[in-house]
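Protein chains in written order, with this note's numbering: chain A, 297 to 585; chain B, 8 to 356.
Since the hints were made in silico from the structure, they are not lab data.
We treat Cβ as the ideally placed atom computed from N, Cα and C, and that holds for glycine.
Please note that the accuracy of each hint is not assured.
Unchecked claim - Listed below are several chain B residues computed to face chain A (Cβ distance under 8 Å; list not exhaustive):
no., residue
1, Val102
2, Leu106
3, Gly109
4, Pro118
5, Leu133
6, Asn137
7, Leu141
8, Leu334
Claimed, not checked - Mimicking DSBU-like on lysine-lysine, the simulated pairs with C-alpha atoms at most 30 Å apart in a straight line are:
no., chain 1, residue 1, chain 2, residue 2
9, A, Lys385, A, Lys575
10, A, Lys483, A, Lys458
11, B, Lys308, B, Lys194
12, B, Lys345, A, Lys385
13, A, Lys575, A, Lys560
14, B, Lys30, B, Lys169
15, A, Lys427, A, Lys415
16, B, Lys14, B, Lys30
17, B, Lys14, B, Lys314
18, A, Lys415, B, Lys30
19, B, Lys14, B, Lys194
20, B, Lys308, A, Lys385
21, A, Lys415, B, Lys308
22, A, Lys377, B, Lys346
23, B, Lys169, B, Lys308
To be verified - Listed next, with one range per pair, are the computed distances between beta-carbon atoms:
no., chain 1, residue 1, chain 2, residue 2, range
24, A, Val378, B, Met284, 45 to 53 Å
25, A, Gln463, B, Lys314, 34 to 42 Å
26, B, Ser211, A, Lys377, 58 to 66 Å
27, B, Ala208, A, Leu477, 26 to 34 Å
28, A, Val535, B, Ser307, 32 to 40 Å
29, A, Val378, B, Gln31, 25 to 33 Å
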Amino acid sequence: MAVFMQSLLSGILIGGVYALIGIGLTLIFGVMRVINFAHGDILMVGMYLTYIAFTWLGIDPFVSVLVTFPLMFLFGGFLQKVFINRVLKAVAQNQILLTIGLGLIMSNTVMLIFTSDYKLISTSYSSSTLKVGGGVSLSTPLLVSFLITATITAALYWFLLKTDTGQAIRATAQDREAATLMGINVKRMSIIAFGLGSALAGTAGALIAPTYYIFPQVGSVFTLKAFVITVLGGMGSVVGAMLGGILIGVTESLSAVYISSGWKDVVVFVLFLLVLLFKPSGLMGKSRT
Amino acid sequence: MSNTMLKAAAGFILLALLLAIPKQVESPYALHMMILLFLSISMGQSWNILGGFAGQYSVGHAAYFGVGAYATMMLMQARQVPPWIGVWAGMVLVVAVALAIGSICFRLRGPYFVLASIAVAEILRLSAINLTALTNGAEGILVTELPAFKLGERVLTDFSTKVPFYYIGLSLALLTIGVTYGVQHSKLGYFFQAIREDQDAAHSLGISISLYKNIALVISAVLTSLAGAYYGIYVGFVDPPTVLGLDLSVQIMLICIIGGMGTLWGPVLGALVLVPMSEALRSNLVTDLLVKVGLVNADSKVGVFLKENLAHAHVLLYGILVVLVILFMPDGLMGFVKKLARPRKQEVA
């Protein structure tokens, strides 16, 4: 039972970070109907920013979120304004290809600068744990990152629900043309949405940097995970992405314990295919029109 | 002389030249380049049938490439089955895999199909890593000695040089081009294109969507598996990331997309552009050129850095090219060339 609780709780903790990645992707999809295949690479850029801040400036990874978030916001806004914006009316496949291309450019540029060596951020707390009783102990960095994730998610939720800009973003997601007619600057909202999505992915990268290997190709794993999470939750649904993230975290962690760590990703992909086949609208999504 | 006859004549001359190259060219490196070119043409052309003509963007074609490569290599290593027999087993297996994938993925459309195709390829890659007993896991399969190819008692070749691989590659490239030509000029091709242009309209005209999508997939998958088997025996080594990875799937589709989808010569053009460019980066030709021109000092920090790292970054080129193609020439290089040619024709008329 202790093993079960242990893996369940670690699953939920890592699921929090996954949720952040998923929310970013779902936000971008919701507002622009673009599936961002560069999402994992954006996360990777966030990881490297954290790495730079840590090794060159000595900033703690969790503190560096304060820098990573705004920088990645600008980066995402730039991507939207210069590239994505031009293909908003193109067929879905071309949008996918463009983001694949952008992802390749990001990962290979990073490889040119940092080589493909694995980097590690080793902090004093990297492998420390916190005993919670009942034979269950939790990794401290994962716990901290979960708390930061929860805070950011709550703040984002408030932003989307209560602020004018947030409401404008949601209006754009609901109906682009109607939003335009209501005087909402749709282009501006798209830039903000892509910026926010990238900032969330970058932040997730910063949060997992202390517990993960950092290398240029790390992104593709997370791109795939982000898809699984958002499809599971329902494309475009923020709450769904949160649920999906935690569900995937728990699935991975449980199947690593009860099946084997080598097969845990297979379990996730099989789950993904099942969802695509039997409930393509996801847990929280409205049926596709 | 009519246009078609001119074309046919040009084709024959080109073919004769291609057949003669190994007799005249000694350099193994030149042959290696040609082999890579043939391989890329075959991969791009195979993808073209499903992606370009039927409009189903599979980002999981590494699955078929890898199954073909693994089946041939596994049979050769474990059962000493020669590759020209093993490749048939690979083809049968790949048809089964393709139909399984098709029955799952073709229920989905557009972006959902893309995602499902990636997921299936990833499941195969992870399985190849984990089924160590069958596939030797992450270490991959190494086969250095190929059995001699005999016709009766006569040894046709013992694969000690690159020449036999050159001719196999050339035949494979011609086969894929031939199949594409056949598809393009048959009813099948029209059905594929009808599905690509408007699935619902095609359905309402009585075209069985799932049947023709699966036909396109099987043709494409079998050709891709041949390319995979050819890669396996040429390189002599396969492992999960190189023959089943997402990077390979992306490269396969990029050859076709950069060249021009749904055209006969698009993938050929794509391969002609991509192979030399990425080889130039890989073999440090670009750095050497920069040094020779005098832009970069070979011993300076930048020079050393470029020499060490530019070789690893040839995929960067794929990224830049695909972004440029999507933004500025959505019909690929082929469409761009045609567009350039068109206004001149109008002037003449």
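So, going through the hints one by one against the coordinates:
| no. | hint | verdict |
| --- | --- | --- |
| 1 | Val102 | 20 Å, violated |
| 2 | Leu106 | 16 Å, violated |
| 3 | Gly109 | 13 Å, violated |
| 4 | Pro118 | 5 Å, holds |
| 5 | Leu133 | 5 Å, holds |
| 6 | Asn137 | 4 Å, holds |
| 7 | Leu141 | 14 Å, violated |
| 8 | Leu334 | 6 Å, holds |
| 9 | A:Lys385 - A:Lys575 | 27 Å, holds |
| 10 | A:Lys483 - A:Lys458 | 21 Å, holds |
| 11 | B:Lys308 - B:Lys194 | 60 Å, violated |
| 12 | B:Lys345 - A:Lys385 | 24 Å, holds |
| 13 | A:Lys575 - A:Lys560 | 22 Å, holds |
| 14 | B:Lys30 - B:Lys169 | 12 Å, holds |
| 15 | A:Lys427 - A:Lys415 | 29 Å, holds |
| 16 | B:Lys14 - B:Lys30 | 25 Å, holds |
| 17 | B:Lys14 - B:Lys314 | 43 Å, violated |
| 18 | A:Lys415 - B:Lys30 | 49 Å, violated |
| 19 | B:Lys14 - B:Lys194 | 24 Å, holds |
| 20 | B:Lys308 - A:Lys385 | 45 Å, violated |
| 21 | A:Lys415 - B:Lys308 | 22 Å, holds |
| 22 | A:Lys377 - B:Lys346 | 28 Å, holds |
| 23 | B:Lys169 - B:Lys308 | 38 Å, violated |
| 24 | A:Val378 - B:Met284: 45 to 53 Å | 24 Å, violated |
| 25 | A:Gln463 - B:Lys314: 34 to 42 Å | 54 Å, violated |
| 26 | B:Ser211 - A:Lys377: 58 to 66 Å | 41 Å, violated |
| 27 | B:Ala208 - A:Leu477: 26 to 34 Å | 31 Å, holds |
| 28 | A:Val535 - B:Ser307: 32 to 40 Å | 55 Å, violated |
| 29 | A:Val378 - B:Gln31: 25 to 33 Å | 48 Å, violated |
Consistency note: the structure conflicts with the earlier hints numbered 1, 2, 3, 7, 11, 17, 18, 20, 23, 24, 25, 26, 28, 29.
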